[in-house]
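If you follow the hints, you should be able to join the two separate chains into one complex; please do so.
Those protein sequences? They're chains A and B, same order as listed.
Just remember that the working numbering sits 147 ahead of the position in the first sequence, which is counted from 1.
Just remember that the working numbering sits 33 ahead of the position in the second sequence, which is counted from 1.
The set of hints was computed from the structure by calculation and includes no laboratory data.
C-beta atoms are modelled at their ideal positions from N, C-alpha and C, and glycine is treated no differently.
Mixed in with the good hints, there may be bad ones.
[Unchecked claim] Facing chain A, from chain B, some residues (calculated, C-beta under 10 angstroms):
hint : residue
1    : Pro37
2    : Lys81
3    : Val85
4    : Thr86
5    : Met110
6    : Trp126
7    : Ala129
8    : Val131
9    : Arg135
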Amino acid sequence: MKSSIESHFSTLRQQAESAEFGMWIFLATEVLFFGAVFCSYAVYRASYPHAWKAGAGLNDAMLATVMTAVLLTSSLTMAMGVQAAKRGNSSPLRRNVLLTMLLGVLFLVLKFYEYYEHAHHQLVPGWDFSGYQGASAQNVELFMSFYFAMTGLHALHMIVGLGLLATIWVMAGRGRFDEAYHAPVENIGLYWHFVDIVWIFLFPLLYLV
Amino acid sequence: MSKPPISSTTLLLAWIALVSLTIATYLTWKGSFGVAGEAVNFVIAIAKATLVTVVYMEIRKSHYRARFAALAGLVWMAILIGLVASDYSTRDWNPAPVFWNRSINRH
Numbered sequence: 148m149k150s151s152i153e154s155h156f157s158t159l160r161q162q163a164e165s166a167e168f169g170m171w172i173f174l175a176t177e178v179l180f181f182g183a184v185f186c187s188y189a190v191y192r193a194s195y196p197h198a199w200k201a202g203a204g205l206n207d208a209m210l211a212t213v214m215t216a217v218l219l220t221s222s223l224t225m226a227m228g229v230q231a232a233k234r235g236n237s238s239p240l241r242r243n244v245l246l247t248m249l250l251g252v253l254f255l256v257l258k259f260y261e262y263y264e265h266a267h268h269q270l271v272p273g274w275d276f277s278g279y280q281g282a283s284a285q286n287v288e289l290f291m292s293f294y295f296a297m298t299g300l301h302a303l304h305m306i307v308g309l310g311l312l313a314t315i316w317v318m319a320g321r322g323r324f325d326e327a328y329h330a331p332v333e334n335i336g337l338y339w340h341f342v343d344i345v346w347i348f349l350f351p352l353l354y355l356v
Numbered sequence: 034m035s036k037p038p039i040s041s042t043t044l045l046l047a048w049i050a051l052v053s054l055t056i057a058t059y060l061t062w063k064g065s066f067g068v069a070g071e072a073v074n075f076v077i078a079i080a081k082a083t084l085v086t087v088v089y090m091e092i093r094k095s096h097y098r099a100r101f102a103a104l105a106g107l108v109w110m111a112i113l114i115g116l117v118a119s120d121y122s123t124r125d126w127n128p129a130p131v132f133w134n135r136s137i138n139r140h
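This is chain B alone, in the form it adopts within the complex (with noise of 0.2 angstroms):
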């Protein structure tokens, strides 16, 4: 393959940045920071991911058909989180019409 090798140097550095981000994560829970601290850790595991993707998977120096399926991955994943998160966010919204309940007892 046209890719050349990544230097010994960046893998380790790279290790040790997901490592140490990894030690983090725990520090971040033990520290009982509640819904900030739970914050904070999807952002780190975000930024490990990002970091594996573009360092290890080497993400930038493929082919930008490769790419664009990573791409496609995360597009298709986003439209599942929303249309998932729209459903059961507004399911309140407006009461379900009252044959609808008992077509669903009825079963």
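With the rest of the complex left out, here is chain A (with noise of 0.2 angstroms):
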């Protein structure tokens, strides 16, 4: 066994049980956290359902997509460096995670790509929203503020989880984990794969209206 168990904990399975147990606690906190801006979403599309069909009408529901996409083969990745871990095969292990990273900043780019093109045709809310004529703008530019403000909490989130896994490719490179030992990998891999469900619920509610 490569790591000791911490001398609080009577076994190892204890040990993995407790990390997962609070990381599992950390993402009921995430569940609030971002179920405080769906509530907030939700409300505002009750009171202008127009303005959020003609706001959703401006962003790229193809490239959306093509990012959910993405997203889902990273957690795909992610799934294959967990089983790759619980083996104990390092290799594969850290192939997997750089995969999954390799997908994350596609998946960001692809995002900022987006940015850049809401920016160029000026339409970031607060700063320059004069691209937009239509009908209903001031709540058409709102929409635009909640499709930044979650988008934007869900990148940054990636950002973390990018971290996390370079940090988890840097382990496994030192021969931290084997076949008893990975728990920082299943639990990066839960907070990857949560990552990855608040994007299925974004993509139909800002892009699919």
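Here it is as structure tokens:
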């Protein structure tokens, strides 16, 4: 066994289960964090349904579909990384974590390209929203505020996730994980999948109204 | 940890299902089915999230404490949504007293 048990745990299994429990509690708080934003979105959408439809029309649904596929594929590679960690295979673990990171970076590049396009077309609320000349401009601007806030929060979570994955990649390279000890890989995997789930809901709410 | 690794076949099948559902979401939107289409897309999103939670996050194999924490998150979110919905859907039932409006207008 490459890793020792912390002094306040009796067994490695107890330590791993505690870590997993802690991660799920953290994810429950994240559910509430994003839940509050989704609630606000729902209230304003019910108030301004036409503006929401017009606002979603400013976004590129095809690009978002591709981004969704990229993120779902990153979840697959992450799950394969966890699978490799459980089997104690360091090489496929590192390969899959690296692939997950590359797919995560690709997602962010596409996301920031989308932001650039909105800035180019003067569709950034609070800064320059003169690019929209249709009806209910103020309410459409409100939709775009939600768009930037929600996707921005999601992107921030992804950037944090990339940092965590990089740490896992380095630790795996140093041979820190084996069949018995791989709780950090599993927990970072849980975080990454959660970020994926958030996007699964953002996709229809912000692009397919 | 005690959980055995999931087979590569299961992981790949889940991925195929997830990507297929994503394409179905896009096609439903392209079909312009209105509110029905939006409802279908929301149901698809729930199905995808469930698939990720069950297959990739292995919630069914987790310790009951972890499952309880996940359930707690959903219950608290349901409370949040329920209270917000009840607030906004009942605001017009009884108009606010006139002196409330006067108070608001002063600030």
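Quick rundown of the hints versus the structure:
1. Pro37: It holds, given that the least Cβ distance between proline 37 of chain B and chain A is near 7 angstroms, below 10 angstroms.
2. Lys81: Check passed: Cβ of lysine 81 of chain B comes within 5 angstroms of chain A, closer than 10 angstroms.
3. Val85: holds (5 angstroms)
4. Thr86: With Cβ-Cβ at 7 angstroms, under 10 angstroms, it holds.
5. Met110: Check passed: Cβ of methionine 110 of chain B comes within 4 angstroms of chain A, closer than 10 angstroms.
6. Trp126: Result: violated, 16 angstroms to nearest chain A Cβ.
7. Ala129: Since the shortest Cβ distance to chain A is 18 angstroms, the answer is violated.
8. Val131: Status violated, d = 24 angstroms.
9. Arg135: Since chain A brings no Cβ nearer than about 25 angstroms to arginine 135 of chain B, farther than 10 angstroms, the hint is violated.
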